[in-house]
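These protein sequence lines are chains A and B, in that order.
Count the first sequence with the UniProt record's numbering and you get residues 1 to 170, in order.
Count the second sequence with the UniProt record's numbering and you get residues 1 to 170, in order.
Source of the hints: derived by calculation from the structure; they are not laboratory data.
Values in this document were obtained by computation on a predicted structure and should not be read as measured data.
Please note that the accuracy of each hint is not assured.
Same chains, same names: a pair is fine if it fits in one copy or spans any two.
[Claimed, not checked] Listed below are the simulated SDA-like cross-link pairs for lysine to any residue, each with C-alpha atoms no more than 20 angstroms apart in a straight line: (1) 80 <-> 108; (2) 80 <-> 65; (3) 102 <-> 115; (4) 105 <-> 28; (5) 99 <-> 137; (6) 122 <-> 78; (7) 105 <-> 69; (8) 105 <-> 139; (9) 122 <-> 27; (10) 80 <-> 133; (11) 122 <-> 28; (12) 122 <-> 101.
Protein chains: 2
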Amino acid sequence: MADGRTASAQSGENLLFLTDEQLRQGIEAMFFAYRGFTADPDRILSDLAYGRAHHRAVHFINRAPGTTVNNLLNILGVTKQSLNRVLRTLIEDGLVESKVGKVDKRERHLFLTEEGQALEQKLSNAQRARMRMAFRDAGPEAVAGFRTVLEAMMDGDMRFAYTRLRDSGT
Amino acid sequence: MADGRTASAQSGENLLFLTDEQLRQGIEAMFFAYRGFTADPDRILSDLAYGRAHHRAVHFINRAPGTTVNNLLNILGVTKQSLNRVLRTLIEDGLVESKVGKVDKRERHLFLTEEGQALEQKLSNAQRARMRMAFRDAGPEAVAGFRTVLEAMMDGDMRFAYTRLRDSGT
DNA sequence: AGTATATGTCAGTGTTGTTGACATTCCAAG
DNA sequence: CTTGGAATGTCAACAACACTGACATATACT
């Protein structure tokens, strides 16, 4: 470890990609790339009175219309108080509609209004444009690797939420 | 676009990996993976009086010892007021040392103390452990693709900062 | 001497997250 | 039918971290 390599020259396989130096580069790549990942939506949101939390809520409500507050809570991984503040403003501003559940009237099912869908489109178009450019530049094999590593980096709960969403694809 | 595909069956090449559905999955993968990426350091930091901003500062000071405040500002992409608040507590707590520059006495060069290095190790060991596991599970080809896509996702300034750090590797 | 740069600091504000406490509504088990 | 618990919403307080704007200081460059 003092030489900056935790694993190398083992079992005939080349494990140089697991050196501390390679891991550090991966960590810094994640840090810088995430900034790029959020930069475009952040720019749009700063003009409005919204932030990243509003973007996330709108994204996942659009992704799974009619989802309950509790479900959204699990996906976003925040407290209900934090989510509630965001949802309240979105509902007040007419971007999100909250409908009382039919089978269980305690539950509130969340939907985007037309105005909410318009904002979601605006935000996700910007984010997709950057992702599309990155994917195109990198090519399909790199994209497959990208996805594989990201999935391996998730916590169990997150991976479950992710795959559940992924496999319910349109 | 109404069918969820912006590009497909073009120029003899298979561009199915650029559909809106694939891009959406990439976006959600980034979101969930970044949570996993920061989860372990966040747990450690929550016990101390520090947050993610302190982690970032300590990381990059360790990465480039003697760096100036201005340089760190560019790397982190925050305001000097925000960084100064973090640096002040780290210096007060004896984790970071600030030395007046020799050639330019306006500049302050930043170094980690032994205590600061200990915290950096603790944090980066946790983060590297997860990254190592993800890399090992995914394999070298996937890791290469992961890096390629992340680099393509960065803004120009960030990519410059990233490659400059990367190419100054130990 | 005058301008520009690097840094630090103070005051105010906004978004997002946290805990803790409490009310309401409603399903379900006893 | 009553009671316990689950789902949701609300209020209050607080902390972390970002922002803007203004200003001070020391130093460097021209």
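Each hint tested on the structure:
Proximity of residue 80 and residue 108 under a CA criterion of 20 angstroms is satisfied intra-copy only: 13 angstroms inside one chain copy versus 43 angstroms between copies. Proximity of residue 80 to residue 65 under the C-alpha cut-off of 20 angstroms is restricted to the intra-copy arrangement: shortest distance 19 angstroms within a copy versus 42 angstroms between copies. Proximity of residue 102 and residue 115 under a CA criterion of 20 angstroms is satisfied in neither setting, with 25 angstroms inside one chain copy and 58 angstroms between copies. In this assembly of identical chains, the alpha carbons of residue 105 and residue 28 never lie at most 20 angstroms apart, being 47 angstroms within a copy and 30 angstroms across copies at closest.
For the homomeric pair residue 99 and residue 137, neither the shortest alpha-carbon distance inside one copy (43 angstroms) nor that between copies (43 angstroms) is at most 20 angstroms. Proximity of residue 122 to residue 78 under the C-alpha cut-off of 20 angstroms is found in neither arrangement, the shortest distances being 24 angstroms within a copy and 26 angstroms between copies. Taking identical chains as interchangeable, the C-alpha atoms of residue 105 and residue 69 lie at most 20 angstroms apart only when both belong to the same chain, with a minimum of 13 angstroms there against 55 angstroms between chains. Proximity of residue 105 and residue 139 under a CA criterion of 20 angstroms is satisfied in neither setting, with 48 angstroms inside one chain copy and 48 angstroms between copies.
Taking the closest pair of Cα atoms, residue 122 and residue 27 come within 20 angstroms of each other only across two copies (15 angstroms); inside a single copy the shortest separation is 30 angstroms, beyond that limit. Neither within a single protomer nor between protomers do residue 80 and residue 133 lie at most 20 angstroms apart by alpha-carbon distance, with minima of 36 angstroms and 32 angstroms respectively. Taking CA atoms no more than 20 angstroms apart as the test, residue 122 paired with residue 28 passes between copies only; the shortest distance there is 17 angstroms, against 29 angstroms inside one copy. Proximity of residue 122 to residue 101 under the C-alpha cut-off of 20 angstroms is found in neither arrangement, the shortest distances being 29 angstroms within a copy and 47 angstroms between copies.
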